[in-house]
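Student: Sequence:
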Amino acid sequence: MLLDQLSKMISDKSYVVGAVASGLSIAIPEWIFVNQNWTMYHSIAIAIFTATLILDQITGRRLAKLSDIVNKTSSTMIDSLFRDMAMYLVVAIAYGLDWLIGSGSIIFVFAVASLSYHTFYSFLANAVVLGWGKNFPIWAFKWLSDEIKTKAKKYFKDATIITELDIILNQNKKD
1 MLLDQLSKMI
11 SDKSYVVGAV
21 ASGLSIAIPE
31 WIFVNQNWTM
41 YHSIAIAIFT
51 ATLILDQITG
61 RRLAKLSDIV
71 NKTSSTMIDS
81 LFRDMAMYLV
91 VAIAYGLDWL
101 IGSGSIIFVF
111 AVASLSYHTF
121 YSFLANAVVL
131 GWGKNFPIWA
141 FKWLSDEIKT
151 KAKKYFKDAT
161 IITELDIILN
171 QNKKD
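Residue numbers (our numbering): 1 to 175.
These aren't lab readings, by the way, just hints derived from the structure by calculation.
Watch out, some of these pointers could steer you wrong.
Restraint-style ranges between C-beta atoms, simulated for each label pair [as the list claims (entries may be wrong)]:
#1 S103 <-> R61: 34 to 44 Å
#2 L97 <-> V20: 14 to 24 Å
#3 W132 <-> G102: 36 to 46 Å
Built from N, CA and C at the ideal position, the CB exists for glycine as well.
Full structure from sequences and hints, please.
Tutor: Shown next, in the form of structure tokens:
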């Protein structure tokens with residue numbers, strides 16, 4: 001399950017966001033080099049990460065409830081909770097590595113930013129498949145098109161959703 005998440009992060013380029021965020025964090029010396037202990041910056045990063053996980057859980061549960069493919073069992077929810085706990089464990093390990101090798105918070109920021117981006121990407125795709133896409137700018141559809149199609153196929157037998165999304169995306173490519 002964790003390997004599946006890591007492979008998805010490679011395909012959606014989450015590691016790039018993590019690398020950029022950790023690189024940018026070097027510009028904040030007090031956050032990186034002064035204190036090896038937990039700071040407010042760490043708490044804010046974890047709060048943002050937690051918020052993205054909650055948003056993804058909400059939209060994912062809604063999709064599963066509407067799905068004609070995904071089993072509506074408690075094991076599906078338990079699996080997603082284990083996935084989320086594994087992501088928190090990765091973040092904890094990253095913080096521990098920073099603390100052990102004295103690298104400030106570079107590894108921590110990389111892990112939190114990558115996982116937050118990956119989870120937010122999943123949330124947006126879920127929201128579009130749910131039909132909430134009208135509330136997002138159209139460039140987000142282009143950015144998410146592969147993930148949207150994957151989610152639509154995962155949750156619904158009917159290809160109407162996928163076809164409608166393809167029409168919207170193709171119309172906007174012509175514009």
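Student: Which of the listed hints are broken here?
Tutor: none
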